[in-house]
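Q: Chains as they are written, first to last, in my numbering: chain E, 10 to 330; chain V, 3 to 268.
Hints may be right or wrong, so weigh each one.
Said to hold, decoys possible - A short, non-exhaustive set of chain E residues, derived as facing chain V with CB atoms under 8 Å: (1) THR80; (2) THR83; (3) GLY91; (4) ALA195; (5) PRO210; (6) SER213; (7) GLU283; (8) ILE284; (9) ASP285; (10) THR288; (11) ALA291; (12) PRO299; (13) PHE301.
Keep in mind the hints are simulated off the structure, nothing from the lab.
Don't be surprised by glycine CBs; every beta carbon is placed ideally from N, CA and C.
For reference, the chains in residue letters:
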Amino acid sequence: MLRGTLTMTAALAAAVLTLGACGGGGDDGPTTEGGKTQLTVGVIPIVDTAPIWLGVEKGFFEDEGIELKLTKTTGGAAAVPGVMNGEFDLAFGNIMSLMVAQDQGLPLKFVANGTTTSGQEGKDFSGVVVPKGSDIASPKDLEGKTVSVNNLKNIGDTTVRYVVEADGGDQSKIKFSEVAFPDAPAALAKGDVDAAWILEPFLSKAVAEGGTVISWNYVETSPQLDIAGYFAKNETIAKDADIIKKFRTAMDKSLEYAQANPDEVRAIVGTYTEIDEPTRAAMVLPKFTPDFDRDAAKLLGDAAVKYGTLEKAPNLDDLLP
Amino acid sequence: MTRTGGLPGRVLIGPVPGLLGIAAFLGAWEVAVRGGLVDDRYIPPASTVLVAAVDYLDDGVFWRAVGRTLGAWALGLAIAATAAVVLGILIGSSGVARRATHSTIEFLRPIPSVALIPLAVLVYGTSLQSTLLLVIYAAFWQILIQVLYGVQDVDPVASDTAVSYRFGRIARVRYLVWPSALPYVMTGLRLGAAVALILAITAELVIGGGGLGERIALAQSGGALDKLYALIVITGLLGVAVNLVMRAIERRALAWHTSVRGEVPV
Numbered sequence: 010m011l012r013g014t015l016t017m018t019a020a021l022a023a024a025v026l027t028l029g030a031c032g033g034g035g036d037d038g039p040t041t042e043g044g045k046t047q048l049t050v051g052v053i054p055i056v057d058t059a060p061i062w063l064g065v066e067k068g069f070f071e072d073e074g075i076e077l078k079l080t081k082t083t084g085g086a087a088a089v090p091g092v093m094n095g096e097f098d099l100a101f102g103n104i105m106s107l108m109v110a111q112d113q114g115l116p117l118k119f120v121a122n123g124t125t126t127s128g129q130e131g132k133d134f135s136g137v138v139v140p141k142g143s144d145i146a147s148p149k150d151l152e153g154k155t156v157s158v159n160n161l162k163n164i165g166d167t168t169v170r171y172v173v174e175a176d177g178g179d180q181s182k183i184k185f186s187e188v189a190f191p192d193a194p195a196a197l198a199k200g201d202v203d204a205a206w207i208l209e210p211f212l213s214k215a216v217a218e219g220g221t222v223i224s225w226n227y228v229e230t231s232p233q234l235d236i237a238g239y240f241a242k243n244e245t246i247a248k249d250a251d252i253i254k255k256f257r258t259a260m261d262k263s264l265e266y267a268q269a270n271p272d273e274v275r276a277i278v279g280t281y282t283e284i285d286e287p288t289r290a291a292m293v294l295p296k297f298t299p300d301f302d303r304d305a306a307k308l309l310g311d312a313a314v315k316y317g318t319l320e321k322a323p324n325l326d327d328l329l330p
Numbered sequence: 003m004t005r006t007g008g009l010p011g012r013v014l015i016g017p018v019p020g021l022l023g024i025a026a027f028l029g030a031w032e033v034a035v036r037g038g039l040v041d042d043r044y045i046p047p048a049s050t051v052l053v054a055a056v057d058y059l060d061d062g063v064f065w066r067a068v069g070r071t072l073g074a075w076a077l078g079l080a081i082a083a084t085a086a087v088v089l090g091i092l093i094g095s096s097g098v099a100r101r102a103t104h105s106t107i108e109f110l111r112p113i114p115s116v117a118l119i120p121l122a123v124l125v126y127g128t129s130l131q132s133t134l135l136l137v138i139y140a141a142f143w144q145i146l147i148q149v150l151y152g153v154q155d156v157d158p159v160a161s162d163t164a165v166s167y168r169f170g171r172i173a174r175v176r177y178l179v180w181p182s183a184l185p186y187v188m189t190g191l192r193l194g195a196a197v198a199l200i201l202a203i204t205a206e207l208v209i210g211g212g213g214l215g216e217r218i219a220l221a222q223s224g225g226a227l228d229k230l231y232a233l234i235v236i237t238g239l240l241g242v243a244v245n246l247v248m249r250a251i252e253r254r255a256l257a258w259h260t261s262v263r264g265e266v267p268v
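All chains should be modelled from the sequences, with the hints used to inform the complete structure.
A: This is how it looks when you write it as structure tokens:
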């Protein structure tokens with residue numbers, strides 16, 4: 010019995026190890042070749058990552074001696090493990106995901122900002138939508154209702170709880186259900202959920218189909234709220250401080266360029282996503298700005314602790330550059 | 003090999019009912035959407051989807067995605083098949099080994115490959131190895147089980163004959179075990195080929211890293227419904243093609259089988 014089990018296990022282990030030896034996720038740290046340093050960055054192909062694609066196209070990274078390799082990850086699932094196992098030198102991820110990762114003891118830190126709420130109610134890329142004819146008129150009406158978010162215990166439910174509480178409602182009585190953004194408008198129309206937290210480009214679409222935005226949850230949490238950025242392992246940041254600094258310089262330049270040239274943002278989004286031209290022209294863009302707002306991050310972190318998403322308040326010095 | 007001698011009429015009839023079935027399905031889809039039975043905001047009509055599918059034919063990026071998916075499928079299936087055949091013959095040839103591994107195999111086999119996605123992402127990230135791990139795991143058990151059955155299906159009379167002729171180990175496997183097991187191996191391969199394709203696309207869809215699965219995820223996250231359904235139709239066609247190829251291989255490899263059996267009175 011035991012011998013057979015061992016043989017099978019050994020055979021499987023050998024198969025797995027052989028595959029491992031073929032290369033792949035193991036190479037650690039940036040590699041320099043011919044004066045150019047190659048950096049691999051894991052990005053989600055969504056509007057939010059437009060500045061980095063634009064920065065590559067405009068040569069901002071090349072100017073700093075960086076050869077940037079962008080790898081698409083279909084969801085956030087591969088970002089944190091990808092950075093931890095060295096497949097990516099950096100990755101794009103939202104601020105709440107990183108707070109959670111840090112809460113669990115993972116040594117990760119933001120290097121550069123990625124996206125920020127536009128700060129304008131009525132014109133942001135994130136909102137809570139109710140269908141036509143719904144009796145939900147303001148955030149506090151969400152008490153006792155079902156709200157869809159793409160991921161539980163993340164930035165969506167935390168900010169929705171925050172705005173409901175700020176509006177005088179009982180946040181503990183909201184039921185959250187996990188629905189992917191592209192499926193949220195259909196779930197809303199079918200009545201599976203009473204309200205849906207949706208991001209662009211699906212937000213504009215849901216509104217065009219008769220939905221009403223009852224809360225601009227990012228703006229109402231804080232008009233300066235940073236949503237996501239580019240992060241790396243502490244080890245990489247310490248060991249390759251020079252190249253990380255250059256990445257930051259190029260990334261900041263890309264963010265400023267994207268903020269100043271919204272038409273180029275809309276155009277480049279068409280190159281790495283399947284969002285069609287009319288939708289790209291109509292969608293509301295986030296704000297792209299280099300500096301993180303610490304007060305807004307602290308507010309979000311404290312809210313997350315209060316609602317049980319985090320065990321302890323995040324140390325912002327360990328989180329933000 | 004004798005199948006090519008069929009009547010011409012039968013060849014014509016062969017694919018016709020199948021094609022009619024597909025046409026009826028597409029027609030029903032079109033009518034259901036146009037007639038308002040299904041909301042066209044969520045499912046575009048069949049004609050729109052077919053146009054989107056045809057548009058893909060001269061898209062280089064699309065063909066590279068197909069190449070990536072089929073590459074992962076073929077490589078994964080080859081590794082799984084080699085490992086399963088070698089281990090299957092080794093284990094199946096020995097009663098002790100068979101009994102010793104039985105519970106382990108029955109424990110590992112039902113673990114769904116998709117449950118290994120977190121492990122694959124942790125170890126291999128978005129690289130090809132991630133996809134391969136899932137493909138191999140899924141296909142390996144399908145083939146291994148068939149090989150094990152096949153090895154036990156050796157005719158006892160033939161086995162005794164081999165003993166009297168003092169066949170060595172190698173000769174036994176080459177002339178006795180392998181031919182007896184081959185029909186089972188082929189069935190295993192066909193089953194394995196189908197799940198390997200499913201897992202290749204699932205892995206790309208969930209993990210990313212390229213291929214048709216990633217194109218589907220992109221179309222979904224971009225709200226490009228016509229492309230999304232076009233890709234789904236294309237993956238369906240790919241499944242049909244894979245099955246046809248595997249069946250052709252099976253027919254070729256076993257062409258001798260029934261005829262030999264037919265001539266030898268047991």
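Q: Please go over all the hints and tell whether each is borne out by the structure.
A: Outcome of the hint check:
{"no.": "1", "hint": "THR80", "in the structure": "6 Å, holds"}
{"no.": "2", "hint": "THR83", "in the structure": "4 Å, holds"}
{"no.": "3", "hint": "GLY91", "in the structure": "5 Å, holds"}
{"no.": "4", "hint": "ALA195", "in the structure": "5 Å, holds"}
{"no.": "5", "hint": "PRO210", "in the structure": "6 Å, holds"}
{"no.": "6", "hint": "SER213", "in the structure": "10 Å, violated"}
{"no.": "7", "hint": "GLU283", "in the structure": "3 Å, holds"}
{"no.": "8", "hint": "ILE284", "in the structure": "4 Å, holds"}
{"no.": "9", "hint": "ASP285", "in the structure": "6 Å, holds"}
{"no.": "10", "hint": "THR288", "in the structure": "7 Å, holds"}
{"no.": "11", "hint": "ALA291", "in the structure": "12 Å, violated"}
{"no.": "12", "hint": "PRO299", "in the structure": "26 Å, violated"}
{"no.": "13", "hint": "PHE301", "in the structure": "26 Å, violated"}
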